[in-house]
Amino acid sequence: MDVNKNSYTFAFAGIMVVVVAAILSFAATSLKPMQDENVKREKMQNILSSIGVEVSRDEAADNYQKYIAQELVINNNELKEGVVAFDVDMAKELKKPAEERNAPLYIADKDGETYFILPLRGKGLWGPIWGYIALKGDMNTIAGAIFDHKAETPGLGAEISTPIFMDQFPDKKILDEQGNFVSIQVMKGNAEGEHEVDGISGGTITSVGVQDMIDDCMKSYITFLKNYEAQNTAAHSSSTQNTNLATLSE
Amino acid sequence: MAEVLEKKKEKKEALFSKKNRLLISDPLNDSNPITVQVLGICSALAITVKLYPALVMSISVLFVLGAGNVIISLMRNIIPNRIRIIVQLVVVAALVILVDQVLKAFAYDVSKELSVFVGLIITNCIIMGRFEAFALANGPWKSFLDGLGNAFGYAWILLAVAFFRELLGSGTLFGYPVFEKLGVYNTGYVNNGFMLLPPMALITVGIIIWVQRSRNTKLIEEN
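Chains as they are written, first to last, in the numbering used here: chain A, 1 to 250; chain B, 1001 to 1223.
Since the hints were derived computationally from the structure, they do not count as laboratory data.
Just so it is clear, CB atoms sit at the ideal spot from N, CA and C, and this is done for glycine as well.
The hints are all genuine.
Distance ranges between label pairs, derived from CB positions:
1) B:1203 <-> A:2: 49 to 57 Å
2) A:205 <-> B:1106: 30 to 38 Å
3) A:91 <-> B:1083: 33 to 41 Å
4) A:20 <-> B:1018: 32 to 40 Å
5) A:194 <-> B:1198: 31 to 39 Å
6) A:20 <-> B:1081: 18 to 26 Å
7) A:212 <-> B:1199: 26 to 34 Å
8) B:1085 <-> A:198: 45 to 53 Å
9) B:1015 <-> A:54: 42 to 50 Å
Think about it this way: if two alpha-carbon atoms lie no more than 20 Å apart in a straight line, the pair counts; the simulated SDA-like pairs of lysine to any residue are:
10) A:32 <-> B:1105
11) A:5 <-> B:1084
12) B:1112 <-> A:41
13) A:43 <-> B:1105
14) A:110 <-> A:52
15) A:43 <-> B:1101
16) B:1112 <-> A:162
17) B:1112 <-> A:56
18) A:43 <-> A:109
19) B:1112 <-> A:57
20) A:40 <-> B:1110
21) B:1112 <-> A:35
22) B:1181 <-> A:163
23) A:5 <-> B:1086
24) A:150 <-> B:1100
25) A:32 <-> B:1106
26) A:5 <-> B:1136
27) A:188 <-> B:1192
28) A:32 <-> B:1110
29) B:1112 <-> A:126
30) B:1112 <-> A:28
31) A:173 <-> A:226
32) A:150 <-> B:1120
33) A:43 <-> A:31
34) A:150 <-> A:57
35) B:1112 <-> A:42
36) A:150 <-> B:1107
37) A:5 <-> B:1082
38) A:40 <-> B:1100
39) A:172 <-> A:140
40) A:32 <-> B:1099
Produce the complete structure using the sequences and hints provided.
Spelled out as structure tokens, the structure:
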């Protein structure tokens, strides 16, 4: 057979494309459920580790049930019903203007303390970066932070996902003394203030990306959190009053 | 008649004859894909900041090159000459996507390390180079050995470069803080951030080439 005939060349190319396409789509569709499960569990792992709960991927689902008390979605400073927080695609939400975004908020309960976990997503040098920041019950002090990235340079920008960088965040504050949102600054050295962390040498663009991401994503929550706090204190004080009354009547 | 005899002889050749062993040992030194043929340099610069990604990359290239060489070799008589490069590209791309999909499902952590470099494997000139230069003209077994040999040749350079860059740049090996444990920092030593940047990879490769050529004089070109 003459393998250099035009007709043969076309036939060969056609058959090859169909065969390869079939193999690849078969592999992709049959492996998809397992891949999705991995991604989901990793997300749970990330959320949990922002409040200091480190679990293996297999135990992630159980522990997630155990610690996460509430999942909320915030839209334009209001609570939004009918949307599952866990399924909100941050990448899509960030393309919308700030007022229309659905912002997921996870409320965790660990050892009697309440934590507010805020998901973040932004741009690094080569691709998206994302993370979770857990705020303590005062909605100001950071309890923990975790970052991850798609494609930052290993040893440089990729260092944002290492403890060296992430361990700087606990006990930093996002509000100034007047209660205004000031976010966290990623500094070039000399990060000593309570709103500052040290950036990564050689990873400036990624470091700035982290700073922008924190600022951009956290903004959506501040008003809601303040209202939430006010409501809860009101509810809390009224319930204390009730108990006082109850004690009195006894 | 003589041709037929020769063919028979070739078929009877032992699996690990001297010639076949050379297919593996030659790319390690005399015709190393990186230091002698200067192929695949871009990936050698990009992923040698740390040892672990370099190792994962080496293993992936080993798989893609080994399997790809065999597939191309099996198809060598039916591939139309004019579209052979495209055919090679499709084979590499398909293999790489398969590897990526399987890793994502069963070895998620490894796949996260690898994801960035998948594209680099497809464009790795060593793979296309071996398909074109060897697999299209030789049988599957020989092509398989050739693939292994070249992947090993690639791997050891990658790991050597990554070893020096991670050790001198971050003071760690596979993430283990070697210098800290040895107390090197107490003597006033500071990690060299420059080692983490691409230029130092090039210089490290250059030093390896220099050492290799001074030891192996037949590699030195005559002017």
